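Peer 1: Spelled out, the chains give:
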Amino acid sequence: MVEDVEYINEIIENHSLIAYKVLVKRYETRVFTLCFKIIKRREEAEEVAQDIFVLCFKKLNELQDKRKFPNWLMKIAYSKAIDHIRKKHVVKTDIDAINALHFKEEQTPLKKAIIQNRKEIIEKAINLLEPIEASIITLFYIQDIPVKDIAEITQLSLSNVKVKLFRARTSLKKIISSLLKDDLKDFIED
Amino acid sequence: MKHIEQNILWAYIIDDIEPKNIEIIKHHLDVCPTCKYEYEVQVKLHNELYEIDEDMPSLDFSTSIINKLEKNLKIERANQFWLKFAKTAIIGAIVISVILPMIVLILQRVDFTISNAYLHKVIFPLSSIGLILWAFYGMDVFLRRTYVK
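From first to last, the protein sequence lines stand for chains A and B. Under our numbering, residues 75 to 264 are what the first sequence spells out, in order. Under our numbering, residues 71 to 219 are what the second sequence spells out, in order.
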């Protein structure tokens with residue numbers, strides 16, 4: 075597989091959109107996932123993610139260490155997505171809140187069905203997290219990025235990332251408990 | 071019995087704990103059902119989180135980005151053209167309005183008579199053209215910055 079650096083050089087030298095499309099394809103899922111987990115609205119997240127890629131194309135010649143392109147891209151994605159929700163004052167989605175209530179009201183038969191789909195429950199729980207907590211959970215678990223790199227992306231200290239990660243997991247646990255209307259007993263039983 | 075704190079349990083799960091504490095925690099988990107239960111919950115959550123898939127953007131995501139970039143590049147190129155054109159036009163107008171009177175003066179000394187009215191008809195229009203072009207260019211840049219994003 076051709077390295078990112080080669081594509082980046084091609085983009086800087088020739089403004090090659092073909093080369094940039096390859097990089098976009100390579101990182102679109104990663105950037106979109108982070109934006110979606112922070113913004114929590116698909117259309118808005120997609121628009122912000124597109125703007126991030128447009129901005130990165132313009133700023134690519136400012137990137138000093140080309141091997142660090144993924145972290146640089148994610149750093150821009152994180153700050154733009156956080157800026158977006160701060161500007162727009164996006165609150166947690168009503169649909170999620172309604173779903174949460176819906177889950178609480180349901181009784182045992184449906185609960186069993188829900189337990190079969192733990193992924194769905196966890197995804198809903200992540201959607202109910204605060205944007206920064208959701209982003210750190212996304213970077214650490216879904217995108218498998220080490221804590222050190224998360225600190226670089228979020229511009230938080232290493233210890234702060236660890237603390238936020240711990241808090242996010244604790245919040246997740248509480249949300250899942252409330253979604254299941256139980257103390258996670260069903261969640262751990264296969 | 072004192073239970074293990076949640077943050078220490080998390081650190082134990084993600085292997086971010088001092089080696090000397092590992093054995094203590096292992097032993098405690100063997101004898102304390104409350105902490106054992108909490109540990110199992112957290113391990114389950116930890117493992118399940120790794121199973122969550124990334125969200126996929128729409129199919130035309132990358133194409134939309136490239137289209138936006140193409141549009142931006144076109145505008146940039148157009149701006150560059152107008153910048154060059156305006157610069158050339160302004161310099162040209164200045165040069166002509168300076169050189170022409172000099173030529174006229176030289177011609178007047180060698181006893182060529184050219185009326186002042188004719189002089190004004192040549193110099194003022196040329197200077198005005200330069201100014202008008204500059205104003206058009208300025209307006210073009212202003213409108214692009216204001217309305218084209």
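Keep in mind the hints are simulated off the structure, nothing from the lab. Each hint should be verified, as a subset may be incorrect.
List of simulated lysine-lysine pairs, BS3-like, C-alpha gap at most 30 Å [what the hints assert, rightly or not]:
no.: 1; chain 1: A; residue 1: Lys222; chain 2: B; residue 2: Lys96
no.: 2; chain 1: A; residue 1: Lys133; chain 2: A; residue 2: Lys193
no.: 3; chain 1: A; residue 1: Lys133; chain 2: B; residue 2: Lys114
Example chain A residues on the side facing chain B (calculated, C-beta under 10 Å, incomplete) [claimed, not checked]:
no.: 4; residue: Arg104
no.: 5; residue: Leu137
no.: 6; residue: Gln138
no.: 7; residue: Ile196
no.: 8; residue: Gln217
no.: 9; residue: Ile219
no.: 10; residue: Arg243
The structure presented is a predicted model; accordingly, all values stated were derived computationally and were not measured. Just so you know, even glycine gets a beta-carbon here, dropped at the ideal spot from N, CA and C.
Peer 1: If a hint holds in the structure, say so; if it does not, say that too.
Peer 2: Status of the hints after comparison with the structure:
no.: 1; hint: A:Lys222 x B:Lys96; result: holds (27 Å)
no.: 2; hint: A:Lys133 x A:Lys193; result: violated (37 Å)
no.: 3; hint: A:Lys133 x B:Lys114; result: violated (42 Å)
no.: 4; hint: Arg104; result: holds (7 Å)
no.: 5; hint: Leu137; result: violated (17 Å)
no.: 6; hint: Gln138; result: violated (22 Å)
no.: 7; hint: Ile196; result: holds (6 Å)
no.: 8; hint: Gln217; result: holds (7 Å)
no.: 9; hint: Ile219; result: violated (12 Å)
no.: 10; hint: Arg243; result: holds (6 Å)
When held up to the earlier numbered hints, the structure conflicts with 2, 3, 5, 6, 9 and fits the remainder.
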